[in-house]
Amino acid sequence: MLLERINGFPFLRNEVERLFGDAFENVPSAFRVIGPRAFPAVNLWEDAENAYAEAELPGLTMNDVEVLVLNDELIIRGERKASAPEGAAFHRRERNVGRFNRTVQLPVEVNAEQVAATLKDGVLTVKLAKSPAVLPRKIEVKG
Amino acid sequence: MVTELLNRPSEPARRAQRTRSEERYAPSVDIGELPNELLVTADLPGAAGKDIDVNFENGRLTLHGRVSSRYPENARVVAQEYGVGDFHRVFEISETIDAEKITAEYRNGVLTLHLPKVPAVQPRKIDVRTA
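Chains as they are written, first to last, in the working numbering: chain A, 1 to 143; chain B, 144 to 274.
Source of the hints: derived by calculation from the structure; they are not laboratory data.
Treat each hint with caution, since some may be false.
Stated by the list, open to error - Here are the simulated distance ranges between beta carbons: (1) A:N96 x B:V271: 22 to 30 Å; (2) B:A274 x A:E86: 50 to 58 Å; (3) B:R203 x A:L68: 41 to 49 Å; (4) B:G226 x A:G98: 41 to 49 Å; (5) A:M62 x B:L177: 25 to 33 Å.
Stated by the list, open to error - Partial list, derived from the structure: chain B residues whose beta carbon lies under 8 Å from chain A: (6) V172; (7) Q223; (8) E224; (9) E235; (10) T239.
Fair warning: this is a prediction, and the values are worked out from it, not measured in the lab.
Even glycine gets a Cβ: it sits at the ideal position worked out from N, Cα and C.
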């Protein structure tokens, strides 16, 4: 499970970040350098039946993004193309462009057949049905 | 040419600025200059077009987007890497802009502003009359 708390704040780390993180294993977490943030940042939540992942991908439509699910990993990848007009001189360039590829560990096992993703106003929302194996089963008590 | 008004200098974009009890985020922007206009492109994901306010007054450009929390009532947050809240950013523009002709478009979470420059006043040659 790649979920960990840094300064009390839960973060997800993908496998590549882990390679660098291990070098700081003996450093108290308050001083640990997190390094460049992976793109996109992802928020995860759940309710009784589903897990949800959300990422901000402004400027993209569903054609620009690929969402993949494998066991308990969610992969979000695609490309954000630069949209600079010809001959423009830039005073400021903060919006990142280029390819991105993020793997995120989900809190539960999900049913890859039941995943829905929508992208609206630059927000990607992925709804993943929890695998029946992890759903609580109600046991009838016979009296 | 275009300077930013910040409460605290060197505030990284997209970091929360706590104002009273609400959190506000500075959207990432690209500012480009063409011969006839300034082009401001800002990432404001999750704000519906009607919740975005663009204000230009006395050379000050204010961008504001109202965004509400997207967690449903019964959600249990597992991990949070970014916050969701209103966007706000202010710029001072020293270029003379034709305010009447500013256009704003919001698509897929990106706000694009065209700020046309006032055409340069041509130098006028003044004839000197001699009596």
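field: Hint check for B:V271 and A:N96 - Cβ pair distance inside 22 to 30 Å
entry: Violated, at about 58 Å.
- request: Grab the minimum C-beta distance from B:E235 to chain A and call the hint holds if it beats 8 Å, violated otherwise.
  value: violated (12 Å)
Restraint outcome when B:Q223 is required to lie within 8 Å of chain A by C-beta distance: holds (5 Å)
- prompt: If you check the beta carbons of B:A274 and A:E86, does the distance land in 50 to 58 Å?
  reply: holds (54 Å)
Pairwise beta carbon distance, B:R203 to A:L68, judged against the given window 41 to 49 Å: Once the Cβ atoms are compared, 45 Å apart, the range 41 to 49 Å for A:L68 and B:R203 holds.
message: If I claimed the Cβ atoms of A:M62 and B:L177 lie 25 to 33 Å apart, would that claim hold in this structure?
response: holds (31 Å)
field: Outcome for the supplied range 41 to 49 Å, where the beta carbon pair is B:G226 and A:G98
entry: violated (24 Å)
B:V172 as an interface hint toward chain A, with CB separation required under 8 Å: Holds, about 6 Å.
field: Proposed interface contact between B:T239 and chain A, which counts if any beta carbon pair is under 8 Å
entry: At about 16 Å, which exceeds the 8 Å cut-off, the nearest Cβ of chain A leaves the hint on B:T239 violated.
task: Verify the interface restraint on B:E224: the C-beta must sit less than 8 Å from at least one C-beta of chain A.
output: holds (4 Å)
Comparing the model with each earlier hint shows violations of hints 1, 4, 9 and 10; every other hint is respected.
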